[in-house]
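So the chains spell out like this:
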Amino acid sequence: MGTIVEPWAMAENGYANANETIKGSSRELRHGRTAHNLSSSSLRKKSDLRLIQKIPCKTLKNILSNLQEVILGTKLTFLFLAIPLAILANSHHYGRSLIFGLSLIGLTPLAERVSFLTEQLAFYTGPTVGGLLNATCGNATELIIAILALANNKVGVVKYSLLGSILSNLLLVLGSSLFCGGIANIRREQRFDRKQADVNFFLLLMGLLCHLLPLLIKYAMIGKSSTSQINKMSLNLSRISSIIMLIAYIAYLIFQLWTHRQLFEAQEKEDDDDAYDDEVTVEETPVIGFWSGFAWLIGMTLVIALLSEYAVDTIEEASDLWGLSVSFISIVLLPIVGNAAEHAGAIIFAFKNKLDISLGVALGSATQISLFVVPLTVIVAWIMGIKMDLNFNILETSSLAFAIIIIAFTLQDGTSHYMKGMVLLLCYVIIAACFYVDQTPQKQPKNNLGGVLSA
Amino acid sequence: MAGIVPEQWSAAENGNGNVTTKGSSRELRHGRTAHNMSSSSLRKKSDIRIIQKVPYKGLKDFLANLQEVILGTKLAILFPAIPAAIIGTYCGFSQPLIFGLSLLGLTPLAERVSFLTEQLAFYTGPTLGGLLNATCGNATELIIAILALTNNKVAVVKYSLLGSILSNLLLVLGTSLFCGGIANLRREQRFDRKQADVNFFLLLMGLLCHLLPMLFGYVASGETSAALVSDMSLNLSRASSIVMLIAYIAYLVFQLWTHRQLFDAQDEEDEYDDNVADEETPVIGFWSGFAWLVGMTLVIALLSEYVVATIEDASESWNLSVSFISIILLPIVGNAAEHAGAIIFAFKNKLDISLGVALGSATQIGLFVVPLTVIVSWILGINMDLNFNLLETGSLALSIIITAFTLQDGTSHYMKGLVLLLCYIIIAICFFIDKLPQKQPNAIHLGHQPMNNVVTGSGGVFSS
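Those sequence lines, one after another, are chains U and R. If you read the first sequence in the UniProt record's numbering, its first letter stands for residue 1, the second for the next number, and so on. If you read the second sequence in the UniProt record's numbering, its first letter stands for residue 1, the second for the next number, and so on.
Derived from the structure by calculation, the hints contain no laboratory data. For glycine and all other residues, C-beta sits at the position ideal for the given N, C-alpha and C. Check the hints yourself; a few may be wrong.
As the list claims (entries may be wrong) - Using 30 Å as the maximum straight-line C-alpha spacing, the simulated BS3-like pairs for lysine-lysine come out as follows: (1) 60(R) to 195(U); (2) 61(U) to 75(U); (3) 435(R) to 224(U); (4) 75(U) to 224(U); (5) 387(U) to 232(U); (6) 75(U) to 58(U); (7) 74(R) to 60(R); (8) 352(U) to 194(R); (9) 348(R) to 194(R).
Said to hold, decoys possible - Computed from the model, here is a short list of chain R residues facing chain U with C-beta under 8 Å: (10) 194; (11) 209; (12) 225; (13) 226; (14) 236; (15) 254.
Unchecked claim - Stretch by stretch, here's where chain R covers chain U in the computed footprint (C-beta under 8 Å, at least three residues): (16) 163 to 171; (17) 433 to 439.
Excised from the complex, chain U in its bound form (with noise of 0.2 Å):
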């Protein structure tokens, strides 16, 4: 912790002097933020450093001032109670559901410090390095989720999961921001840039495609061949798809990084003139130093990956006793939880007539677990030995093609209102209560290894 005084003292005592002499460059420039950081920092507060300057000593002074920017600078600050008391429940081995419920808890405030501290790290990286960051930090908590429930075997978990929250971003975030945003903005027209949004779905249709393909080898090749042999060609089928959907996310990174900037960046300028919120331009410096958030992103990423672990071990009980359906779970409450930060942003840009902030946020999040995260997983689990492949069963798959047509039948024309929220809301309803009474015995992830093909 030594180390990080410096960079940090510099941050805080030099707060209106580097405030100025950065100013010349463009914000976005300088640190890389996508619209899903902008998001997230709608739900920070300025910390309060009066009390903490009246302690004498100057370390222990930093330390505090630090430890006040990470954990009390959020709005969910009240929520990080939870993990302590997950950590307590499970050494003294309270019901298993209470830990799960703990945990989520818990994981919600870190999710969104994640976000924070990626964007603070990118003040010192550049914009390249940070906007690759924030590109592979943006969804940290469902990757390690996801990779935490491969390593328990638990295929179907990780499936629903990245499958719910691709879903919740695209139907939950989306549609409750435009809702929202068309309810206050009754009387206002709604517009925003449909190019950055069709960028996204060209991503999220080729995705598509690599789930489609496994499941229908599957109905093709029925009767045949063995099952053995059909669950081979999906295995390598989904490999080989993986492979692919990196390379369409690296070239989706390069396009969006360097070649095609400005169009992600159109929503920015015309955001400089309205000069949004004072508290958010101020808070364009970093805040803590370097290493400091470098150490603070090691430690929350494990604090994220325990508390993960304590979902992973205790959903089948918690399942049991809530009677709720594992895929239930999976699919609706996890994916809520971890995006519960951008959620909330996406909403409150909505409220402000900013929709390209809330579709950047949304979509953009989308197409990460879509391009990203799926891909790695299935590439991580062929690495440990576990055979997980693309196939999201029929049910799943449905809802994901339908949910990605329905996204761009409503943003085709560029303008919004509320009853195209409205729809996209209802939708995620629909959806939500057919995995709620959807009770099928072979949902259960135990027995699920190969998705339906072990059947």
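Got chain U sorted already, so can you dock chain R onto it with the hints?
Chain R in isolation, oriented as in the chain U frame:
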């Protein structure tokens, strides 16, 4: 009933009412929708001269009223089919004949109900009138559906509602665009796509509600008992129906209050035909209209009852499958009035109205009549779910998607109409040659039964 009306009626006739209400916008005054405007194109001005000679005043009013309601449509020639059908039932005519006569009789009634709701809307004000129009616009379909339901013919209900959506989307829209495209070959045909878009979101949502219960059947191959699957599908369908009704209410709020201008836009530029504009005063009184509406609804119910009771016999003697009759023939009859209206407006290059009719009607059936039927059947204790089987859901999905693509760019030409029409013909042929025995409605009314038949029946692909 005739005693109450003379005042309002004579005011309307003498033309005083015309002057006083002229100031306010036509639109705001009686909340008519594109649907109504289209039906009105089939109306003709009745000739009151002969009646004026009748000396007795009460009788004169009564006769004028009768003439307005009965003879006010070009379809009036089909009214004799109604007594013929009733007589046929009592004299023991052959069942297919009764079926045909009832269908013929239903055609003008559907148009007249829409005329009467429009008349009532003059008295109730724009909002209530809009609601009334939105609810009664497809009264015929709703009545047939509920009667078939009480006879436990769930398949006929499903098929006729699905057929109604298909016929609105492909047949009505297709002929409108085709005829409009041919008639205005050298002119640009534009429409406002925002209005169409709202309908598509809702139709797509409805499609989702049909898709998920259907997929349950495929997910649960093998291990799960059929009873569990049908239970799940039923629960989901009922929950979805409630969600669909919420969406429909939101759509009405959107259409009638918050975003009125989106749906009214076409009117201001129109100022369409003089003879239609002349009609812009109520021609019958409120209570008279109300009584007529109740009476017509009863006649519709009676004829629907005949139709539902004789559909299987007609199917056998005409050698057509019940699914073909329900999906293709019934909706053509129910939609005849709107159909004609939509084409007439398309000829006049007023595509916004044609679109409003076809899409509005499809949305109304998809998001209001269908879920209402599910809920009514829930109350009646009948297990009706939203699972329309693979072939039907596939046709629906394709129709919605192709229509949505067709209307993406806000312009039209006859090729678009032609493709939609041909799609309809293909779907009609598909149901014409489809003679699978499980399609018989008696086998279908317990939800999951046909689903499993399809699973095993369609080449065994899904029955792992």
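Right, here's what the structure says about each hint:
no.	hint	verdict
1	60(R) to 195(U)	67 Å, violated
2	61(U) to 75(U)	23 Å, holds
3	435(R) to 224(U)	28 Å, holds
4	75(U) to 224(U)	58 Å, violated
5	387(U) to 232(U)	9 Å, holds
6	75(U) to 58(U)	27 Å, holds
7	74(R) to 60(R)	23 Å, holds
8	352(U) to 194(R)	23 Å, holds
9	348(R) to 194(R)	21 Å, holds
10	194	7 Å, holds
11	209	6 Å, holds
12	225	10 Å, violated
13	226	12 Å, violated
14	236	5 Å, holds
15	254	5 Å, holds
16	163 to 171	violated (count 0)
17	433 to 439	holds (count 5)
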